[in-house]
Every structure is written in C-alpha cells, then in structure tokens.
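> Protein sequences, first through last, are from chains A, B, C and D. As numbered in my numbering, residues 5 to 177 make up the first sequence, in order. As numbered in my numbering, residues 2 to 117 make up the second sequence, in order. As numbered in my numbering, residues 1189 to 1581 make up the third sequence, in order. As numbered in my numbering, residues 110 to 1103 make up the fourth sequence, in order.
None of these hints come from the bench; they were simulated from the model. For every residue, glycine included, the Cβ atom is placed at its ideal position computed from N, Cα and C. Incorrect hints may have been included.
Unchecked claim - Simulated restraints on C-beta separations:
no.: 1; chain 1: D; residue 1: S578; chain 2: A; residue 2: N113; range: 31 to 37 Å
no.: 2; chain 1: D; residue 1: L250; chain 2: C; residue 2: E1318; range: 23 to 29 Å
no.: 3; chain 1: B; residue 1: G52; chain 2: D; residue 2: S578; range: 31 to 37 Å
As the list claims (entries may be wrong) - Some chain D residues judged to face chain B by a derived CB distance under 8 Å, without partners named:
no.: 4; residue: N356
no.: 5; residue: E840
no.: 6; residue: T844
no.: 7; residue: H848
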Amino acid sequence: MNKVVTLDGLDIYQKNFQQILIRGDGRENFNKIIKENLSVSPPSKNLEVTNTDKYLFAKSSFDQWNLLYLEKQEYNNILINISKLNKVDEILATDYSYGQVYFEVIGKNKDQFLNKLTQFDLRPKKFPLNSMAQTLIARIECSIFNLKDKYIITCNRSFESYFIERLKDIASL
Amino acid sequence: MILINCPYCGEREQSEFTNGGEAHVVRPKDPDSLSDKEWGQYVFFRSNPKGIFYERWVHTHGCKKWFNAVRDTSTDTILKIYKLSDRRPEISEFQTTLKSPSGEPIVGSGNFAVKK
Amino acid sequence: MWESPDPKKGYDVIIVGGGGHGLGTAYYLAKEHGFKNIAVIEKGWLGGGNTGRNTTIIRSNYLWNESAHLYDHSVKLWENLSEDLNFNMMFSQRGVMNLAHNEHDIKEMKRRISANRLNGLDTKWLDAKEIKELVPIMNTENLRYPVLGAAFQPRGGVARHDAVAWGYALRSNEMGVDIIQNCEVKSIKTDNYKVEGVETSKGLIKASKVAIVASGHTSVLAQTAGVRLPLQSRPLQALVSEPIKPVINTVVMSNAVHAYVSQSDKGELVIGAGTDGYNSFTQRGGYDVIEETVRAIVELYPIFGKMKMLRQWGGIVDICPDASPIISKCEVKGLYFNCGWGTGGFKATPGSANVFAHTIAKDEPHKINEAFNLERFSDGRLIDEHGAAAVAH
Amino acid sequence: MSSIENSNCNYITNKKIKIFFDGKSYDAFEGDTIASALIRNKIKLIGRSFKYHRPRGIYTCGIEEPNALVQILNEHNEPNTRATIKRVYDGINISSQNRWPSLAFDVGSINNLLSPIFSAGFYYKTFMGPRGFWKKIYEPLIRRTAGLGKPPNNFRSKSIHQNHNVDILIVGGGLSGLIAARKLIDTNYDVLLVEQDSYLGGILKNSNKVDSIDGKKTTDWINETEKLILKSNNIKILKNTLVTSYNFTNHLIALEDKFVGKKIDLDKSELILHKIRTTNTILANGHIERFISFRNNDLPGVMLASSFEKYIHRYGVVPEKNPVIFTNNSSTFSLVKSLIQQRCKPLAYIDARKKEDIEDELKDYLKNHDIQFFPEAEVEGCQGNKEVEKVRIRTNNSIISINSSMLCISGGLNPDIHLFTQSKGLVKWDEKIITFKPNTAFQNTITLGSVSGNYNFHKIFEEVEEKLSFLNINKYVAKIEINVEDDYSITELWETKNDKKSNWSKSFIDLHNDVTTKDLTQAIDEGYDRIEHLKRYTTNSMGTDQGKISSINSLGIVSKLLNKKISEIGTTTYRPPYAPLSFAAIAGRSTYEFYDPERKTPIHNWHVKNHAVFEDVGQWKRPWYYKKHEDETMHQAVQRESKQTRKTAGILDGSTLGKIEIKGKDALEFMNLMYTNAFTKMRPMTSRYALMLGEDGMIMDDGIICKISDKHFIATTTSSGAPKVLAHMEEFLQTEWPHLQVYLNSITEQFTTFNISGPKTREIISQIFTEIDFSNEKFPFMTFKSFNYKNTQVRIMRASFTGELGYEIYISPEHALELWETIFKHGKEFNLVPYGTETMHLLRAEKGYVVIGQETDGTVTPVDINFNWMIGKNKKDFIGKRSLKRSDTAREDRKQLVGVVPLDKSQLIDEGQHIVECENLPKQIKTPIEYLGHISSSYYSPNLNHCISMAMIKGGNKLIGKTLFVSTPSGIKNIPVEIVKPIFIDPENKRLIS
Ligand SMILES: Cc1cc2nc3c(=O)[nH]c(=O)nc-3n(C[C@H](O)[C@H](O)[C@H](O)COP(=O)(O)OP(=O)(O)OC[C@H]3O[C@@H](n4cnc5c(N)ncnc54)[C@H](O)[C@@H]3O)c2cc1C
Ligand SMILES: NC(=O)c1ccc[n+]([C@@H]2O[C@H](COP(=O)([O-])OP(=O)(O)OC[C@H]3O[C@@H](n4cnc5c(N)ncnc54)[C@H](O)[C@@H]3O)[C@@H](O)[C@H]2O)c1
Ligand SMILES: Cc1cc2nc3c(=O)[nH]c(=O)nc-3n(C[C@H](O)[C@H](O)[C@H](O)COP(=O)(O)O)c2cc1C
Ligand SMILES: [Zn+2]
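Model the full structure from these sequences, guided by the hints.
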C-alpha cells in the first residue's frame, strides 16, 4: 500500500489486487460454471458490483465481468481456476492480476477532486453505490467501483506513472 | 459536445465514443460475386443525409460496445438510441426538429436583405 | 459591385454553390471558354460556406504526382490572382511548415520532400535549429513530443479568404455571369441520365450542363439526381485569438501535436482544429475538439497560454475516402462534380476552378484532373493522401 | 486622487494601494478595477484605437468594453486585458497599447488623417501594384502595424479544469437569478449558480433603481438570500466566474478567476475552467446597454449611461460631476437620481423621445432640480482634442453647444442573447423594446429577467414563478419597491444627423475595429449588402468585444439604408465564447508534460539506468538504442548492438507489442476471416506470421498468431496498432458476425515480452528454464510452450524478427525485471546486449522483413510485398480479399518490394529518396521527373559491411538485377544502384531454424 495523495478530506492509496477478466454470455449455464469453479455468483445486472470483504465481482458490460480479489490469493489457485473456466468453450477467462494498477480514493472531497480529472457524473443518483463504470480519468481509460465510502479505480499498468503524476499535480494546485 | 446515452453505461460525452458511420450496411455475403463497381459501393460509399441519419457508435473509452443511433445531422439531436439486436426504427417515428439561426440553417443564415 | 438579379428561365451552365470553387469555375468558363450564359446559384450568401470559414493555408507539397500537379497548378495561379482579378487577394507567401515529432514523421516527410523535388516543387527539410530561427517562440524541446524537424514550402502561405469569393464574383459578374444569392437548389432535374436543370427555391431553372460545387452539401444534391458520391460531411472547426503584434511569421502545422496556426494581417492568430468524428451539418462541432486544439497550441507555444480565444466556428467539409477531391463527370450526362476537398480545398481554388471549367466546357477532363475521377472508387486507383498529407490543410 | 465619493458603494474597501500606469504611479483603493482607479485619478486617455490610432478612453464598466484594453506587465505581459474588469492590486503595472512612442503622442494617428485610404475593404482595393510591391513593401508594412497588445516573453500556466454535473444551472446572480435560486433552496435539485462578478446582486448593485425588496434594503435582501443559499445543501455558488460557451446538450463552459484583485501566485491555478453539464439552464444574465452613433462618439469622455452609474454605486467614484446625458429611453432616469444623490448634477438631459412619451415623473424631477432638458433632441456630435470638450445638441433644427468633459449615452437595452443563441435558441425582434429577444429555446433553457426582454421589476416575481412552474419548487413572492418609473419606453435612434466638420470627425459603429457608419454606407453602395458581407468587408463587430454594445445598432443603420425591417436583415451568428477565453484555461493541465499519457513498460527504469535513449512509438516510450558510453553516437550504438546480436545474442524489450486472447467455439472461423492466412490446417501449439487487411485490401497490421486449439488463439499486433486491431476485431464480431461465438481480451498489459535472439540464445535460456527442452526437435521454429516458472505463468514462443534463432518470452510484469536480470546474468559470458528499436529495424531489414508503416503506407497489398503465399487462396472470404481483385490492385506493374544495393557499396542512401532511371538531375527541376518509387528503409549493415536498402518500385519484381539510380536530398548526381531481391542475409533460413 502506497499513499499517493493526502489532502483535506481526501486520501488516495495505491494498492495491489488480483483480477480475473471473464467473458461469456451471462446465461444460466455460464452462471452455473462460474459458481461451480469460483464458488462465487456473478452479478446479473449490468454495472452491478457484488461486494464482500474478500472480493468484488462486477459486471462491466453485457458480456464481461471483472473479479477482483481484495485479499491476496495463492497465485497458483487463480491460474488453476482460470484454466478450469477455459475448459468451457463458451467462456474466456483471462488472468489480469498484473495488467492493472489500483487506487483507493477516500474522503468527503473525493467527488470534487475526481471531477477535476473526469467529466463522469459521480452523483449517487447517476452512479449508485455498488456499481461500476468504465470511463476516462485524466485522459486514461479507467474502471471505477463505487463502494461504501470509497472508490476503487483501476487502470492499465503502463499508465501507472502518468496517472500518479496527474493525481499529484492536481492535488498540488 | 453532445451527450450520448450508451445503452450499457448511460450518458457520457461524445468524446468517449467513436462514430462508425452509416448503420445497417450489411457486408456482402459473397464478395466474389460482385463487380468492381458493386464492391466499391460497399467499401467506399455511405449515405450522408442532411437530416435523419441511422448511424453506428462504439463506446471506445467505456464498455467498448457498438450500438445504433438515429440522429438529425442538421441539428445534432439524437432522436433514438437502440441496440444492434433491436429492430431498425421506422423513419416515420421521427419528426423533423426545430432549425435554428445559429447553426447552418436550411437556407442561408437568415440574412436575406436584398438591395432595392 | 455585383448585381443580384432574378434567375432567368435557363442557362447554358448552372453552377450550384457560390464558394470560391464555384465562382472561380464561372470566371474561367466565361474567360477561357467563352461561355456567355452562366449562373452561379447560392443558397445563402456568396462565400458563406467553407470559403468564408477556412484557415486559408495554401501549399502544394502533396505526395502523389497527381495531387502535386493539381495543387501546384493552383499555387501558380494564386501567384498572379490579384493582378488577374484586380482585387487584392493578400496572397502572402510566408511559407508553410509541417512539423515532425517522431521518427515516423521524419521518414514520411523526407519521402514527401524528395517526391516534391522531383515534381519541381520547393519543399525542403528544416532541422530543429532552423525551425527555431524561423519561429523563435516555438517550444521545440520541452514538450511531450519534441519537434525534430519540419518540411517547409517557402512558396506556401495564406490569402484572404473572402477576397477570393468577392474577386471572382466581381469579375465574372462583369463578364455577364448571373450571381443568384439566397436561392437554394432543392434538386437536380434529370431525364434518362441527362441533366435538364435545377429545381430551386425560386423555381425551375433550366440548363443542359449543371456543375455541383457545394462542398458539404454536394452529396445531398447528388442524391437528388440519383448519383451516389463517396462523401461524408463532417464539422471542421477553427478559431481566432485576440489580435496581437506580430509574433509568428510563417504558417506552422503539426499532425502529432495537432493544430495549425498563422497570424493574420490584422494580428489575430488563426488556428485550425481537426475534424469532428461524426457527420453533421450544424457548422458547429464539439467543444472537445477546441480543447484538443488549444492544448496543442499551448504545448507548442507556451506563451500563447496568455492569449485568449476570440471566436470559434465550424464549417461542413466533404471528406473523401482517400483524402483527395473528385473533379469529374458522372453517369448523368451534363452533370459535373467538384467536391471532396475535405479539409484542404481552399488552396486549390483557382487551380481546381480552372480545370473544372475545362472539364465542363469540353465534357472531358483536363490532363491535370483526369485522375480525380469517380471510377477510382471501383477500380482501386485511389490517390491516398492520408499518410502524406498529414494535417490535410 | 479623490477619496471615495459614494461611501455606500459596494465594491471598495478603504485600503489604499499603489498602481502603475505607463510607468507613473497612482493611488487606488482595494476593490478598484483598472478603469475605476484611473477614473479616480482623472485619467481619461487609456489607449489608441486599432486602425486610426485615435485617442480612446473608458466606454463602459464591464465585459462589453471595446476601448480600454491594456497590457499587464507584471503578469507575464498579459495583452488585451479589459481595464473595466481587471481588479487592481498593490504594485500592478499597467501599460497602454497600440501607441508609439507614447500614448499622448502617437505617430500612428496619422492614419486617421489618411482615413480615406483605410475605408471599408481598403485592403482589397489598395496596395496592389506595382508588381512585387505587395510582397516586399505593403504586406510587411501592414503586418507591422497589426494587432494590439504584445504577447508575453515566457509563460507556463497552471490552470485547471473542474467538471460539474447538476440538474439546474443558473447563469447570473442578479435579481432574477437570486429569486430563482431562492425558490430552489432545499429542493431535490442540484443547483449551481454562476456569477461573473465578485458580488451577487446584478442590477441591484449597479444602480439605485430598486429601493427595497421584501421590505428590506436591497443589500440586506441580497445578503439574506446569499446566506440562505449557502446554508442549503443543494445549491452551490461560483463567483468571479463567467459563462462563456453554451454547447449542445446543455454543456456550458465557465471561467473562474482565482486571483481577482490579487497578485497572481505562479504556483497555483490562476484560472479554473468549469465544464458544466446540466439538465436545465436558467439564463438570468441580464442586458447590455447599447450606444448611439454620432460624430466623434469615440472620444474619451463618452461613456454609456448605466456604466457611469455603475462607477458611482460599485466603486464610489463619480466620473464627472456635471456630465451631459443623452438618451432615447427611460432607463437613464436613475442616473440623474444617482447624481443628485451624490450632490452632483447633469449639465443637460437630452432625450430623443417625443415630449409626450417622456415620463412625467422624469420631467418633473428634471424641472425640480433645474436640469437643462432637451426633449426630442439629439447630440449632433462632440468635439475635443484628446477628450470631450464640447457637446453639440440639435434641437428644433438649431444647434446648441455645451461645454462638458463627459457625455453619458444610452441607446437602449439589449437582452444579452449571446448565450441563448449559442445554445441555438431562436430570437425575435420586439418592436416595443426595439431589440431582439429570446423566442424559442432549442435546449432546456429558460430565460429570466432582462435577458428575456422583461424590463419591468414588478413583473419579475411573476415571470420566475411562471417559467419555473414545471419544476417542483418553493413559492417565493415578495414586494419590490422601486425608485424610478418601471415601464420601459424607447424611441428608435441608431445614428444622429451630423454636420461633418473635417476628415478627423467620424461617427463610429464599431469602436474596437474603427468602423464608421460611413463604412457601412460605402460597403452597401459597393454591393456588400448582406449583413454577413458587411461584417466581413468592414470588419464590423469582429473585434474583441464582438460588437456587444454596437452590433444591433449596425442592423438598425443597415435596415434604414436598405429600407428593410431589422427582422429581415437578421443578425450575424453569435459564436462562442461570450468573451475572450484564455487559451491556458482551455488547455488545462493536459498540456506540457501531460499533453499525452506516457506508457512505460514494466522494466522502463532498467532502460533508464542503462542509458537507453527513448523513442516515442504511439504513447509508448521504447528504448531506441543504448548508449554504452557518453560519446557513443547512435550509429555506433546500433552497429554495435546489431553485430553483437548476430554474433552471440541480443535482447529487446518487446512489451509494447499488442497481445489479444481470442476464444470461443467459432474462433477458427473468425480468425480465418480476420487475417489473410489460412489457420485451419495449422497445428495446435504452433504459431504463424499473419497479415490483417482493411476492407480496401491494403495491409493494416501484422503479427504472430499462436494457435492453442481451434477454439483458442493468441494474436500479437504491432505496438501502435494494438488498440486499432482489437477494435477492428470487436467491431466485426459485434456488428457483422454476432452469430460467431468468440470472446476477446487484451492481454498486452498482463505480459511483459522479451525478444531474445542470436546464435547463443538457446544456451542462455536453457540455463534459466531448466525443465524445458529447447532443442530444435522438441521446440521447433514457430511453436510455443506455456509453463510455470517461479510461481508465475510463462509462455515462450520460438519466433524471430531478426532472422536469428530467437525466442519471445512472456512473463508477468511483477516478475519481469527479475527474469530480465537473470537473463543478463546468464548472458554475460556471451556478451549479451540489450538492443533498441533502431537495431531491431536494421536486423529485420538485413533479413528482408517489412515494418508496417515503413514499407507499407496504406496503399500496399500483401502481393506488393511478395506475400502472395500468405493469402489463403482457398478461403472463400476474408476481410479485404475482394479488393485484391480490382483492376488496379491486380495490376502486374504495381509498386513492389525490392532490395537495393548501391554500386559503391559504402554509399549510404537516404530513406525517402526516389528511384529514377536518369543518372543526373537538372539543377533546377522545372518539368517533373518520372520516378519508379521510393526507398522505404536504408541502413549500413555491419554484418554485411555494406549499405542496404529496401524500396517500393513500380514493376519491381521484373527489375531485379537492373541498375537504376537513387536521388539524393539535394544533389544533381544520383546514386547508381542495383535492384536485388529484398533479402540480404540467410535466404535459406539456416540461422532461423538452427
Ligand atoms: C475550419 C476550416 C478550415 C479550413 N482550412 C483550410 C486551409 O487552411 N487550407 C485549405 O486549402 N483549405 C481549408 N479548408 C477547406 C476549404 O475551406 C474548402 O475546401 C474550400 O473552401 C471549399 O470551397 P468550395 O467553393 O468548394 O465550397 P464552399 O465555399 O463551401 O462553397 C459551397 C457553397 O455551396 C452552397 N450551397 C450548398 N448547398 C447548396 C444548395 N442546395 N443550393 C445552392 N447553394 C448551395 C453553400 O452555401 C456554399 O456557399 C478549411 C475548411 C474549414 C471548414
Ligand atoms: N426599469 C428599468 O429601466 C429596467 C431596465 C432593465 C431591467 N430591469 C429589471 O432589472 C432586473 C434585472 O435583473 P436580471 O437578473 O435580469 O439582471 P441583472 O443585471 O440583475 O443580473 C444579471 C447578472 O448576470 C451576470 N452575468 C451576466 N453575464 C454573465 C455570464 N456570462 N456569466 C456569469 N454571469 C453573468 C451579471 O454579472 C449580473 O450579475 C429585472 O427585474 C428587469 O425587469 C429594469
Ligand atoms: C481567416 C479568418 C480570420 C477571421 N478573423 C476574425 C476576427 O478577427 N474576428 C472575428 O470576429 N471573426 C473572425 N473570423 C471568423 C468569422 O467571424 C466567422 O466566424 C467565420 O467566417 C464563420 O462564419 P459564422 O461564424 O458567421 O458562421 C475569421 C475567420 C477567418 C476564416
Ligand atoms: Zn458504454
């Protein structure tokens, strides 16, 4: 865990999570297979996030899901799970544990701060609790998860230093 | 900048999307059976109406999904957004919308003074 | 001054579109081909289309031979146009610079410079130091994509956009061309693949030759004659700053840091943006494109950060799949098109009008515009200026 | 400096500060604008006009100012700052503009006497001959005199953006904006109220028109309202924020100045650009007073009446104790009252209205206060040297001269429709108030108060109530007590009849661009009779003020000249921005170092430490070459790296290559459609070089395809092509072939890629991945293996872009650096080198491999680069297939890829040069020289010890073995070359499969 920004009413931490990207049709069989192999049920509503202490399971569009482990997993288990899923023709599961970087944004000024870098409408009436969105933040494609009292933002790893610099820059002004 | 209501993500600014040109253009099933001219029509020619236009968009910086829209190109008003799997709406569903002086109007720019 | 007559019943040639290209075509038809009975029909006011809203960059350093010949034919006419029309075009050959920001740009530009040279054009390579000497205010090193060099055409430059329309209008009017404003052509009348005239907001006007030079609206009109054109109408935006004392003495364009700028004789910076990514006839475009452009301007010229945007507008440009124009006959006899100029047809105004007049008069293309036909979209003989034209202005 | 004259004024504190104007120091009060401070110091001459260099003063008290533009020296030399807006601070250093050598004596003012030359359209008609004069003499001259202020010498901004998403945006915190806001307090709407000024209140603070609201003094009512708003949980207020653009779908741009009346802190954001997205917009942005044209209506001392009044109420300064007032409407009454309140008195009150139309209350008041009153009269003109000295009044056909140094004018009020028409709303001419007002909104836009053409205080509550009734809001109606007659009355007057005295005398329509009413007449006479032509021919309303106080007047004048109704003349188009908008603010922080995101590979820092020089490839930073020591040139480095790689081994960070995982039961069919190659017979766990075309048959991208099974593939793409290829695949899957069950995931970022190649690579990596058998039999060329390595997933593919034995290693970013360093540890004994993209390009050229974007340029087919073999001939279809058969694409004599070797093998050919048949070129090329094609790549090959090139030339295949020539960048003598097959090293692929 790495502190990126601290301001009045705002803290941003960089964290490490593991992640699986799953593609599929979302129908009954799909749900069954996921449940059997990962012992978690995929959310069925678009943009919905199932949030437990251990993981986030988000449906990021009609045929893709992100499973984000909030607790560190044995990496081999992840790989095994993925290969189990990939045995099924109708599913593509991809290990994305290292493809992205993760930021946790906390504090009462988080919306105002983020809106310096994104146009995205963060108001609860448009971005409800336990939902996710894919949008541009600081000109970078990000996913943002709205959890109780915090956002988790992910972006591709190659943008890491640029993104952090942008966050720090805005914080300094 | 117009706002586009992605059927999967909700309203976002147009700059998150990429326009895919005319909608409902079907790729020929058997390209080899077409003449050069017919094939050229498919590759290079698209409708370009001033008024109601059926077009494709993709949410490039969001969910990356394609969808269709009906837009009035004379006012940039989006009249309908629908999924690829939805039926193509009839043109009769849409009335022509208000034209205004600050965009390119139907005729000139309202400056029709002619010296006597 | 030009007259504003009511339209006659019929003409030998009707030109639809009172922009530079249309008025120029009328001028050369009258002057070089002896046509007496010509009308230019304009739905709004003369020069109110892209002619009146462009950033006026003139150059001829295109990659392919066909384009180089066409555009240089134009530059040569520009060089004498003020005298020819006895109207000051304010053609200012202050040079046009295309910046290179990466290895790929450099390779592409050096290729173009070499091709230009063999075509008899004056494009040359400038290194970063030479650029800095010509444009001291440019930030060449301290930016995301440093300026590594440029292709420079000294004979390029700018001209006063309105003067082009007015000059051609005045002189063609003197030769008897009817210039009819506030008259919208609603459809082209044809009979069995032969042109008969145009239906307008002022009634039917007959002609056996009709030339469509309506930029963004050309394909809309073509449709009424059953002709499909490979054109898409897109917004293209531009803006001007408040006037300041001279700071930039040439025209600078850049593709990677996308913006182009010149300073007008009145002192304002004339800045061009990229096209918006969707079809539109609103002459407006999105704010995001303005932001993109200004970002690039501030990046390349940090001191312009202290300046202000005075006005911002859009035009409707007709984009062709290969970024080259169409100057062509079509399957309907007597119907001619001069279109597809997209973001860069102002520079071609005299040249294109000149060869188009020839095409109309002789019912066959001039050698220079032969390649710019419609058949190329079937046989594949495209003149793809995308890569080489970089910013296509 | 006089002390504060109106102690009840709203904006000034008692704190004295020092300001500098043209080098001289003056006292001012905190809260002053430059204009109010200069007025306080009795300075009237502020600048010189654009064209004629006429003396100019302060005309207004706000954003509409056409004259008083100054340069702020201590803010990086900021040009064209409106003196009427900019608040002073201690030490501010202001300079006048457009004068030389000094403001008082300006040589350029000779232009005024030469004015016949500078009349409308002068550019086009003059400065032409003799030949060459335009270019050498006239143009440079015109350009030298152009412009107003000077640009700064250096500057870097820190301005930021702030986005807002709200339900209701209220533009303007004046009377109607505040009423609307009060009604929205504690409702369910998110509301943002934006006010350009530092204070709320609008007209309530500008004049004494209103006495009380709700029984409270206006200032108390404003304060109370503001407090209530601030206490609410749904309304936010932004002050010092000017709304400048009204875009489609209710997107508005507003600019906030964070340093009003303060010295700018360069480490902070000077400006904040607010981007507001709202559901409904309430425009309550008021009106703008317009002027009247008369002889010398530009002299310093002529000022708009309501502006004069603003100086009294806002800044507590009375610009002149005894001005002359000239009006055509009822709104100037309050100025008289304000003056009397200050114990001053107008010298004369000239009202163009008919006597019977003038309010009795006003007439009585003038009489009671013994003020000279001229009904049905007009100002013929005014005279003076550098400021107004004499005002000449025409009344009943006689002229009366009054000595006064100030003339306050009002030509009526225009609803400030700029933003409304920007939103694409339609306006309509109103005969009663003689101006355009909003008619039909195009978006969800409501106009309230003056901007809607409602000039009646008593009707304001009613209007707000009615127009906002569609919202679910509070009731709030209050009583409003006013000081002046409420019914607005006006008579049409655009220009007065004047007795022209000399060339010097002019009646202006556009003060900023020095356009006279005579210019309008002349232009119309010349045929420029459309308002759009008039504008462009005369430059009327094209200045920095965009004709805010005059453009409607020009319509009035033109309508008279053309004998047309104004509604038939129409307006020119109102365009964003409402007022000049800072470039720095528009750019925000996404410029300078943040102009474009930088992408870095997981071992970027290793490259930095090892002296890599980077190349920009798309957004990626890629090592271009590594400097072994300080003095090593790029050429030396590349020669060293390439030689070593072919000798032993070299390694490249290939992480930027795109990688896509493709899976589904129809994956095979899909891949066969996307690429030219046939994948059906390909064995699992093998890979293949593949080409992707556009539907036009031209090469779009290339890559290596790994087949895991018929249902599972992994494709690589070029670095810059990666997003495009993925999007291209997704597009066809979603839109053309939704029946194909295939899913795609990008894994570019999940894997770091190392390309290791050279004869010793097998030895090196065998030591690392000990459980893998790298022998040719067990691990042949174009196969791959996946396995676990140190608790992570690794994939190794045997492939090569150099022509040597080579492997591509894929590993997770987290383990990448460790593995990279391990490879170097084991490679040390073989002198393993890291190499960059330049060496990569050289090595592949030796082998004759193409680079997409270098050999190809969007006009090249697979056949053109001799890749016929890659086209799945038996496939019924793939993207681009049909295009290859078009008559032009199928031509035999298209440009084809060849190799080129100079006869003098040491002579390096320049990339981009052309291949010709002639030995020499003329010194000056007049007629075009035919050429066959161009050199696409060119290198000195250290492994062959001579120069090699690749070229795309017409009918190239048939020219192999011929001698031709290559041009040089500027020489006359061309380089003789031999055309050869485009493969220079190891044509038998021995190294590759060793
Ligand atoms: C912002 C911008 C910047 C540009 N910058 C450059 C540049 O730097 N250099 C360059 O070379 N080019 C530039 N261009 C392109 C250039 O402006 C155009 O290619 C060129 O002006 C086209 O001239 P035209 O006469 O064909 O068209 P226009 O000037 O558009 O004339 C067409 C006319 O047809 C009329 N018309 C349309 N429909 C009808 C109808 N139904 N009936 C009657 N009349 C009709 C229109 O009202 C219009 O007046 C730019 C364009 C824009 C918009
Ligand atoms: N009796 C008369 O002579 C007379 C004349 C005109 C108006 N009126 C009355 O005066 C009242 C005027 O009230 P109102 O609220 O319409 O106008 P106002 O002048 O009180 O308020 C307009 C406010 O909008 C702000 N503003 C303007 N443009 C802006 C922009 N682009 N961005 C941000 N802020 C901006 C101004 O600074 C001002 O504070 C109305 O009741 C009207 O009936 C009376
Ligand atoms: C080269 C050039 C320079 C311009 N300079 C100015 C200028 O100094 N001031 C101004 O208000 N507009 C200027 N304009 C913009 C015009 O006012 C106008 O916006 C443009 O012609 C488009 O027309 P429209 O806005 O009426 O649609 C300029 C336009 C061009 C093409
Ligand atoms: Zn979406």
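> If you test the structure against every hint from before, which numbers come out violated?
Violated: hint 7 alone.
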